Amino acid sequence: MTRKPRDYSGIAITMPVSVGYTRTSRRTMPWFFGRALGELIKRSGIKKSDIDGLAVSSYLMAPDNGASLTDMFELSPRFLIDFPYGGACGVIAIKRAARAVQDGDAEVVACLAGDIAPQGYGFNSAFSTFSRDHVYPNGGGGMNAVFALITSHYMNAFGATREDFGRICIAQRANSAGHPMALFRQALTMDDYLGARMICDPIGLFDCVPRVCGAEGFLVMTEDRARSLGLPYVLIAGAVERHNAYSDDPVISHFGVAEESKALYEQANIGPDAIGFVEAYDDYPVMVMLELEALGFSKPGEAVSLVRNKRLTLDGDLPVNTSGGMLSLGQAGAGAGFLHINEAIGQLTGRPLGRAVPKTEYGLVSCLGTVNYDRGLCTGAIVLKTGGAA
Amino acid sequence: MKRRPDLPPRVRGRIARRLTAAAARGAFEMPVCEDCAAIVYPPQEVCRKCLSDHLKWRDVSPVGKLLTFGTIRHSTDAYFTRKRPIMIGTVQLDAGPIVISRIAPACATIGGRVRLFNCLDRGGEQVFVAMPENATMESTVINDPNREVKGKVVLITGADGGIGQALVAAFLKVGAKQVIAATRKRKAPKAQPKVKHVRIDLADPKSIAAAGKAVGAEVDILVNNAGVTAISGLLDADTLDGARQEIEVNYLGTLGVIRAFAPHMKRRGQGVIVNVLTVLAHACLPSMGSYCASKAAALSMTQGVRAELMPWGVRVAAIFPSTVDTAASADSPPPKLRPADVAQGVVNTILNGTEDFYPGRFASDLYAGWRDSHKVVERELGQMLPEPR
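As you go down the protein sequences, you meet chains A and B in turn. With the numbering used here applied, the first sequence corresponds to residues -2 to 387, in that order. With the numbering used here applied, the second sequence corresponds to residues 3 to 391, in that order.
Please keep in mind that the hints were generated in silico from the structure rather than gathered at the bench. On a predicted model such as this, the values are computed, not experimentally measured, just so you know. Check before you lean on any hint, since a few could be wrong.
[To be verified] Simulated crosslink set (SDA-like; lysine to any residue; CA at most 25 Å straight-line):
{"#": "1", "chain 1": "B", "residue 1": "K179", "chain 2": "B", "residue 2": "V349"}
{"#": "2", "chain 1": "B", "residue 1": "K67", "chain 2": "A", "residue 2": "N153"}
{"#": "3", "chain 1": "A", "residue 1": "K259", "chain 2": "A", "residue 2": "P269"}
{"#": "4", "chain 1": "B", "residue 1": "K51", "chain 2": "A", "residue 2": "P269"}
{"#": "5", "chain 1": "B", "residue 1": "K58", "chain 2": "A", "residue 2": "A154"}
{"#": "6", "chain 1": "B", "residue 1": "K175", "chain 2": "B", "residue 2": "D327"}
{"#": "7", "chain 1": "B", "residue 1": "K67", "chain 2": "A", "residue 2": "A154"}
{"#": "8", "chain 1": "B", "residue 1": "K85", "chain 2": "A", "residue 2": "D245"}
{"#": "9", "chain 1": "B", "residue 1": "K85", "chain 2": "A", "residue 2": "S225"}
{"#": "10", "chain 1": "B", "residue 1": "K51", "chain 2": "A", "residue 2": "E256"}
{"#": "11", "chain 1": "B", "residue 1": "K51", "chain 2": "A", "residue 2": "V368"}
{"#": "12", "chain 1": "B", "residue 1": "K175", "chain 2": "B", "residue 2": "P191"}
{"#": "13", "chain 1": "B", "residue 1": "K51", "chain 2": "A", "residue 2": "D245"}
So here's chain B without its partners, still in its complex pose (with noise of 0.2 Å):
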């Protein structure tokens, strides 16, 4: 295997790893005291003003004024070495903290207003940009390919499903150079202009060895879509066949598609996987309960897969949709997420850079109360039981 890309400095400490984990999730916050109001930047678990350590991470207003900047062109860093020249600069926010941040070049004006933006560097660790106040973020200033969709290949599994096609439709509007539309069909589909079909079965791991051999050196992203529910409960189910399926599909399927094309992304240094998990991966809707105990395993498959390729450059996002309106949801109770919501929500993922993603209103509630008392929301899904047979 081709040695490690170089990589940004990957060290960070565990308070800085707070503003990572807001750049995942696409969020501004800082720490703030809630006896003096201060905004404790950079970050730190007492207060700099009154020493208290009643602080809480809280989002902050990101424009300000950059007071002044200056080009690095020697670096001791081997990544920092061949990205040079790299505009850096200190930047005053409105809201108070100083800020040293990457700067845009369009940007280096003394006094000059500017918007911070809060990303995951190419090492996944966090850093600041700043941008004229009214541009959104240029990916080019932290040279991250991998914030790309224009002229990319994306691979979408089960892409002939209502969430895979509009998958396929969204990626090519924001100007993929090619879908590869992954489904268990034999014979392709009606030709479409920038579509390629590979049959890809998650439960046939011959075809999936078959599609990586075939397609896998072109693949820049991979968006594993395809997954299986057997709309069961747990002690419920007849015989445990549904849930082996929902395993070995939902879980070591999608595995076995990643570790079929991971490799090829790990050659070039960059590339994207994005899983679509569901928010139920988290907390267990009984009246699912075999199928959300396998988007768990999924879920904690993302993270070891996310940790061993992060040293290659290559991303592993997820997305966490409550029900989606598809025919496989034909039976579910509303509220319904639109494909192309889910859709959208796949490439915005890609283009800002972030790895967790809840869509609608739905499921970033379901989530934020999860994390407020995850036993609360076990019970409230826990009302939720299989239809009596």
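Extracted from the complex, chain A is given alone in its bound form (with noise of 0.2 Å):
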């Protein structure tokens, strides 16, 4: 690039919501949506009418979509996008909605992502062309196969082994203990994770992400906006986004904004020191590693020994899913991508669902999203700031 971005001052993000998480539901995606969406008025103060652009992500809504929801709700936008991006709709979300506002496209942008989780034999094999015709044919394994092949050639490149995915998964349980939406009630050993079933080898149980209903949401306004609204908001130190980098890897080894991380923390004016916690995309532990490698908390390749001699906790010594992240709350699907924002926000704002991390001013959101053949192609990274009234 030869052209700096904008940076992403005077925009904030506020008002995290979450609504559903149970493992079935017999309500549509409109329903879920619905109800994010009055949270969002109801706790901001905000009128229905002030809400001025619309951002959706949501793979099961189909046929259904962002303009679809602007008719069941009667809203009227100036500003409106549907992202088909999975995971990484966290970031693109956010980038998409700061700019709009920078712009003056819009005022109020509610921000939605959420599925319900499809019942039944036959799903997971139709989410692109090629899995459908090339990959699903192999066994119908979905994504548990292949993320078991990257999980397995990063085995093999890097001398990974199974007790390590285990500690990440081991600290995530841990750190989700006591907060509402956790699906487990007991820490995970090292025993229960290497002893349970396995799912696609060398992928077991407890590596795999639970998939639930909910949807989450938040807003992007002015910080102008926020302070006089009276609500708890942070700022956008630096983001950006990279999609199907690498592609010359025949495995990915690499997580895709590896290649925009100095910009990223040029952006914010910091170094990875100066991060309080990552709320890293944990679908698969694997995806964790080439987080932590891409985003500057160790050395490519090297994630190996970040996870045997660092503590990933909550009290330990780089902080990672606070919450437990999907492993322990559940994927709703496409709402993967706010998760780990709302995380962010809530303990940035001093306001977790959880348990709180120790206070600091940045924290770090990273996030993959939709595979086309054989690797996810979308990845973003945003480092967000305290913002005001926390």
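Once you've looked at the hints, go ahead and assemble the two chains, each given alone in its own frame, into the complex.
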């Protein structure tokens, strides 16, 4: 790139909302989004008519989309965008909404992401032409198979063992203790982790994120507006995205935004040591390792050393997934991208749903989405900074 | 009728069906960019590298290296759930493409050399299977009982003709449990180990029904070999009797045999039917015009029956020989195929799980010419008119 992007000053992200998070539901997607939107309005004190921007991400809402929601909820936005980018939608939604607000195209953008959990045989097969035609027919392994191949490759290339991934899962489960959305009541031990049934070798049961039905939301507006509403908010210190980076990796061995990492920290004017916690997309633990390498917490290929020597718990050396992440709370489909954002907002504004991490000015969220063939294509990373009314 | 067996997912897009088409004839092809030489996999219509749409499907070397692998122990698919555990891997072909494929357990070494086979799966759609580089394909990797002849019961119609006898010998040689030799003869010929006789006259529906009732439940593989030719032109014939008999036997009689035996195969959720057609089913040779027309009907019928049986796990194949050296073709000019080669072609079609086979140079060249321009082939064959009488 020859030009530097504009900063995101003057933009506030506020009002993290989670709805649902049940294993099954007979509700339709518009119910989850309607509830989330209702909570955003009720708790923020804005009027429904104040919402003049809408950003939506959901896989299983088809054939409906963001436009359908404007009808169903009687919204009339001036800015509308849908994201089929899976977990990457957290960072992407913020970037798009922030620019819309900065440019004056909208004043209050409601961002919504979520999904219902599909049931029964046959789902998980047609999320792209290549997956349907060239991956799924090889045993119907779905995402588990795709990430098992990446995990096995990483283990062979960098000497990671199953215990190393177990350390991540165990730390995250510990972080989820006391979280109201935690799916598991007990601590996870290494024996539990290693002894659990295998899903697609080398991935076992506790490497897998449980699918749930739910929706997440937040509002993007100017800092001034957030202050006048008296809402606790965070600021965007830096944000980057990159899609299909490292396309020459025969098996993906890098997290996409690794190439944007320098630019991210330059935007934020800090280094990785200023980051108080990392909410790292944790579907699957191998990706957490790649994300930590990509964002400067260890050298490339050396995340194994990091997880063996640093504690990743809330009170540890480098808190990772302070809520327990999707491994502990579940993935509401496309809502995955917002789960980590909302936890970061909660931590930085001093209002986490679970336990608090030691007070810090900066938190980092990294996210991944959209497998087309053999790797997640869309990646993003955002450094959030404590804003006001904390 | 019992409910349909679970089969692997049968959905594929149009581009992926080119891979299926290649698997059906035992080819290993991928789109290659004519502008930048990139091999485009997964297949699509525009080059990944240079965005040219000048892509041509070509044979590609199927060997490469296994980069990584995993073992599926959980699936959201009912068929794969029953077949667990299933091994899957990422192969980098020497030619470049990254292919996710089924892998044989014997391959499971990161960095090991492998060969990919382009196969039809149980559902009739394409999958790649990786075997160790110097090994042959093992159909157990994709759980396909239809690719086995050993231990199977094979029924061959027209078993006393030149091709028929060669078929009996070829199936016994590869270990069929029993061959049921079906002929028009009322009396069983001399007894032979592992060979049973049954009467089937394709012009006699009662004989077909009786045979179906007597042995239908036992037959794993049905080879429709019986046929007649009047060796007559279309306008040239004095009456339509010859043409009627050819239709009655080659089309309707063959269909009648399939209708008698397919229900048993459907009930079992497996089975193979091979129809002995002719390369002239595609393009008419006027000196045998009515025969060619009857075989063209049989070809279309083969396609229809294939589609009806695919959801039941029953495979339908066809072989398209040119002139075969038998008593029936004594007056035909060379070149002629040896009956043993045609019979081996039928056996190989079953073992390889392919659908269409053109034995010999002449048949495969004629077919390639027909695909390139059917009108050119039509004119060329059009020169061989019936003998003036």
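Broken hints, numbered, in rising order?
4, 5, 8, 9
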